[in-house]
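J.: Taking the hints into account, I'd like the entire structure generated from these sequences.
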Amino acid sequence: MPVFVFIPLAPVLGALVLFLFGRRLPRRTISALACSTIAAAFVFSVAAFINLLSTAASGQNILTYKLFTWISAGAFRADAAFRFDPLAAVMVLVVTGVGLLIHVYSVGYMSRERDYGRYFACLNLFTFAMLLLVLADNLVFMFVGWEGVGLCSYLLIGYWFEKPSAADAGKKAFLVNRIGDAGFLLGILFLWTAAGTTSFFSLEIAVAGSVIAPSLATLSAVLLFIGAAGKSAQIPLYIWLPDAMEGPTPVSALIHAATMVTAGVYMVARLNPLYSFSPAAGQIVAFVGALTAVYAGTIALVQNDIKRVLAYSTISQLGYMFLGCGVGAYAAGVFHLFTHAFFKSLLFLAAGSVIHALSGEQDLRRMGGLKKYLPRTYPVFLVGALVIAGVPFLSGFFSKDAILVSAFARGQWFVGILGLAGAVLTAFYMFRLIFLAFFGNERFPAEVKSHIHESPAVMTRPLAVLAFLSIVAGFTGLPAVLGKRANLFSRFLEPVVRPAAEGNLSLGAEWTLILASAACAAVGIWLAYLFYVRNTALPGRWAARLPRIYRLLGRGYYVDEIYGAIVVNPLVRGADAVYRRFDLGIIDAAVDGTGRAAGYFGKAAGLVQTGWIKDYALAVLFGLVIFLGVLLF
Amino acid sequence: MNAPLLSLITFLPLAGAIVLIFIPKEERRRLFIAAIAFAVAAFVLSLVLAVRFDGNEAGPQFVENRPWLGYGIHYHLGIDGISLYLVLLTAFLAPLVLLASRTSIRDRFKEYLLFMLILETGMIGVFLSLNLFLFYVFWEAALIPMYFLIGIFGGKRRVYATTKFVLYTMAGSLLMLVGIFVLQGTYARLSGSYSLDIFDLSRMVLSNSTQTWLFLAFGLAFAIKVPLFPFHTWLPDAHVEAPTGASVLLAAVLLKMGAYGFIRIGFPLFPDAVKRFAPGLAVLAVIGIVYGGFMALVQKDVKSLVAYSSVSHMGLVLLAVAAWNTISLQGAILQMINHGLSTGMLFFAVGVLYERTHTRMISDFGGVGRKMPVFAALFLAAVLSSLGLPGLNGFAGEILCFAGIFAAHKIWAVLAVTTVILAAAYLLGMYRKVFHGPVTNDRVAALRDIGGRELLIFIPIILLMFWIGLFPGTFLKKTEATVSRYAATVQSRRAEHVRTNRPRLVSEVTPELEAGTGETR
Chain A
1 MPVFVFIPLA PVLGALVLFL FGRRLPRRTI SALACSTIAA AFVFSVAAFI NLLSTAASGQ
61 NILTYKLFTW ISAGAFRADA AFRFDPLAAV MVLVVTGVGL LIHVYSVGYM SRERDYGRYF
121 ACLNLFTFAM LLLVLADNLV FMFVGWEGVG LCSYLLIGYW FEKPSAADAG KKAFLVNRIG
181 DAGFLLGILF LWTAAGTTSF FSLEIAVAGS VIAPSLATLS AVLLFIGAAG KSAQIPLYIW
241 LPDAMEGPTP VSALIHAATM VTAGVYMVAR LNPLYSFSPA AGQIVAFVGA LTAVYAGTIA
301 LVQNDIKRVL AYSTISQLGY MFLGCGVGAY AAGVFHLFTH AFFKSLLFLA AGSVIHALSG
361 EQDLRRMGGL KKYLPRTYPV FLVGALVIAG VPFLSGFFSK DAILVSAFAR GQWFVGILGL
421 AGAVLTAFYM FRLIFLAFFG NERFPAEVKS HIHESPAVMT RPLAVLAFLS IVAGFTGLPA
481 VLGKRANLFS RFLEPVVRPA AEGNLSLGAE WTLILASAAC AAVGIWLAYL FYVRNTALPG
541 RWAARLPRIY RLLGRGYYVD EIYGAIVVNP LVRGADAVYR RFDLGIIDAA VDGTGRAAGY
601 FGKAAGLVQT GWIKDYALAV LFGLVIFLGV LLF
Chain B
634 MNAPLLSLIT FLPLAGAIVL IFIPKEERRR LFIAAIAFAV AAFVLSLVLA VRFDGNEAGP
694 QFVENRPWLG YGIHYHLGID GISLYLVLLT AFLAPLVLLA SRTSIRDRFK EYLLFMLILE
754 TGMIGVFLSL NLFLFYVFWE AALIPMYFLI GIFGGKRRVY ATTKFVLYTM AGSLLMLVGI
814 FVLQGTYARL SGSYSLDIFD LSRMVLSNST QTWLFLAFGL AFAIKVPLFP FHTWLPDAHV
874 EAPTGASVLL AAVLLKMGAY GFIRIGFPLF PDAVKRFAPG LAVLAVIGIV YGGFMALVQK
934 DVKSLVAYSS VSHMGLVLLA VAAWNTISLQ GAILQMINHG LSTGMLFFAV GVLYERTHTR
994 MISDFGGVGR KMPVFAALFL AAVLSSLGLP GLNGFAGEIL CFAGIFAAHK IWAVLAVTTV
1054 ILAAAYLLGM YRKVFHGPVT NDRVAALRDI GGRELLIFIP IILLMFWIGL FPGTFLKKTE
1114 ATVSRYAATV QSRRAEHVRT NRPRLVSEVT PELEAGTGET R
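From first to last, the protein sequence lines stand for chains A and B.
Sequence positions in the first sequence follow the working numbering and run 1 to 633.
Sequence positions in the second sequence follow the working numbering and run 634 to 1154.
Keep in mind that a hint or two might mislead.
To give a feel for the contact side, a few chain B residues facing chain A, derived at Cβ under 8 angstroms [said to hold, decoys possible]: (1) Ile960; (2) Ala1029; (3) Ala1079.
Derived by calculation from the structure, the hints in this document are not laboratory data.
Each residue gets a CB set at the ideal place from its N, CA and C atoms; glycine is no exception.
T.: Here is the structure:
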């Protein structure tokens, strides 16, 4: 058996043991078990990666391994089979690498929780499901991981299930994702009928051979993208992700920033032959991504909950990834996925450290001046902010730039400009957060102040590692201006993700764009400085001047309320009315009525049986008269 | 060497019932042990059957065929890929149901066990009969014990519920009885001899109008049992009033008799009528899927929620039957088993809650997950199985149903897929209200987690859910031969009938099994 088959093994065993015995094991055993299974998966991933590098040299860069035939009936067949190629390699390294750091961090962050075993059981199970998702060699088997991560997300968002808001958020996440999944399933079915297969390998051949009609390809690509929009929180299905912040912060970092929410991007990149084959579907992906990037960015501007800022930021960054994939720059999209995994989990974990320090406080309005209290958290948080803001030579800069360059190179000016606008927003909301949390007056109560403490090493060390990775990860994907072969990342992905068609962007134009996006970052940071350090009265004044807009953004454009009013409530109320008026009132009443009518008929017939001889005699006489009458006339 | 295995499995429970008669009703323990012993014996034999069952054989196996009452009425039993797992499911659940009754049934324990065992014989007999008359006898035999189980051991409105259940079902089965006589007469006229053998009868080519009337007669009986919208309103009442064990068997097995009837009798015997009625059937099934889902969404009683979820899930099964190809039929059969396991388990679980709190109102709960963590986890597994989470059994059946339906009619499948959303909505909505949130009332605060006997009920079901979900192939491969022949036979019979519409008898149809089994690709 090839080594990559073993990657998901340890996490699933860990999950099994922890689910069965987690309540009885001591905490130290639980931590050791949970972390070591992920460490094992990481080691296997690295080994598989090295192995792939060596086999790739001999031209073999797509490895598959079939475990068994999973579901098979007639012409329908789905194998439990793995596929290991450069794209999968990147994903397993991210999932197990970042996953390991977050497991370790969790040991500190969750140390005082009651259901310690349940937490790590879910986290291990999540890692397993995510690995299945990225290693699956066909869409149906991928769906196992796809739904598995959704389940774990549900379980972990609702980790504190006694808290109604957490329980509701978990349910909402599952339900909204299921809407996407319905689309995903239909997409699978359309592809299966069109191509007779769901395996990525055969699908690619079918697309290349134009076996699939273009209209059908577009339809299935769009349906699959609905699934991606659910999982990766894009318009119009993003609404679950902000609420998902009810889960423990390490969960937000792992599932709702670094890994699970990128599954949609991964899926589109995985099916890049299909999306390239259907320009219309690609265009839709690009538009939705670009719109989401800006849209979520605007909401992030005014959020006061530190985690909600990061949640909207994640939605926005996922939009960039889709933007990249949509314009055909799949490698750039995956590259942003790669760098984002580091800097966004860094930001979440650092935010977790802040929350931890402030005894659970998440409201930016009750923070401020934390720089001196959190000497280890502050610098890494700052690094994360600089990286996501797109400060040159940090990883976020390179990956975002790669996407924007591709957009402009393909003449997608509209989405490209949206991307640049989003860059300003990103820099602004991120530094707003930094300034509000770490600079200025201390706005927390004395009670909290007395408890402030820097987090333990088990939490800060993973932060340092992530900060380091956030800085350097970008050098794997240097822009083309620095040399045609400078982008190691996209060259590595080439066997799976066809290199984007040569951009027609001149060297000068590309340099201009690089400078422009650096300028966007600078403007955003400067504005945040202006608002939140130089003149702290400004935000209040603007909020007072534009109260409607401020409230509109603060409430996320009232989308939850709108969905509630036009979708959820009408459906539930309608169903209730139908239940009472139709199901009970008509169908069931008809059934009862039939029964009662039979009863009445019996009673009516019974009336004739009076028991009096004279009545019977009269009836006989009456009948005789009629009988004779009929006979005679 | 050849013991009449099928007869043994069918009548062991009845023998158990007879033995119970001689045990005094005060000796609860002995009654319980005797009943369980017979049910377990039947289950063990059914396992033997499953092991010895040859998956490559398309026709019925272990056949027992003896003349009985004359006029074509034979004692004719046999098992094939269509009935195999339904028999196993029944024999598997019966001991668990008896186990659950140990504490939940306080009065008239003996009668309860007695009726349960008779019920088991009736249900297994339905799936094993290959003679229409025998089928009818078992069909009715299963009805009577259920009447008493609900009527004696049920809740406050038990008499209303059980009367409704029986009258409704009787109305259907009377029409079926008339249909059986018509078939018997027609066969005699065409062939000169009597037969009620299902396979003999399926060799008749009937005139259009005869087929129509007969399909309607049989179809109504089956549709009520399934239950197909709009014949479903007996189900929530029956479930709400029925005791736990009766609810489990009602949902898990009795409903399957309807869908089984369509597969075994309705479609093969009246292929031409089916061609006309399948779209109508499909429309009702789709309505059932969506409608049942929405109705489940607004239920306040957990039991009626699960009852409406059955309407929705069985709608999918029937839609798959209406699509009638190898994939969809394989999906339908697997999904019947899956529904039996998940819904059966949900009813067991509701029973656990009811036994402890004497309420089933969703609003009476909240925070149960904190008081009963093990139970909450197992309940969640049943919920996830029911809503079709991949890796658990529900998905394997669902995806095959979807794929088969999709191959037949894309629009049907698009509408059917809404069940993915609806099932999650009503099941997780209920789970949220019952298990999550803070503990707000004393009843919940006093709850204790499930113990050994209850675990003994749940664990086997959960293990099966994982087994079917992870390795559905072990199940599908035993049914594929029969199913693909059924799919092909009916398709070719339809084609044959197009050529001529003269009532006559055709020789045994043996279509090519390999290629072109009617799959639309």
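J.: Now tell me if each hint is right for this structure.
T.: Status of the hints after comparison with the structure:
1. Ile960: 4 angstroms, holds
2. Ala1029: 5 angstroms, holds
3. Ala1079: 17 angstroms, violated
This entry does not satisfy hint 3, going by the numbered hints stated previously; all others are met.
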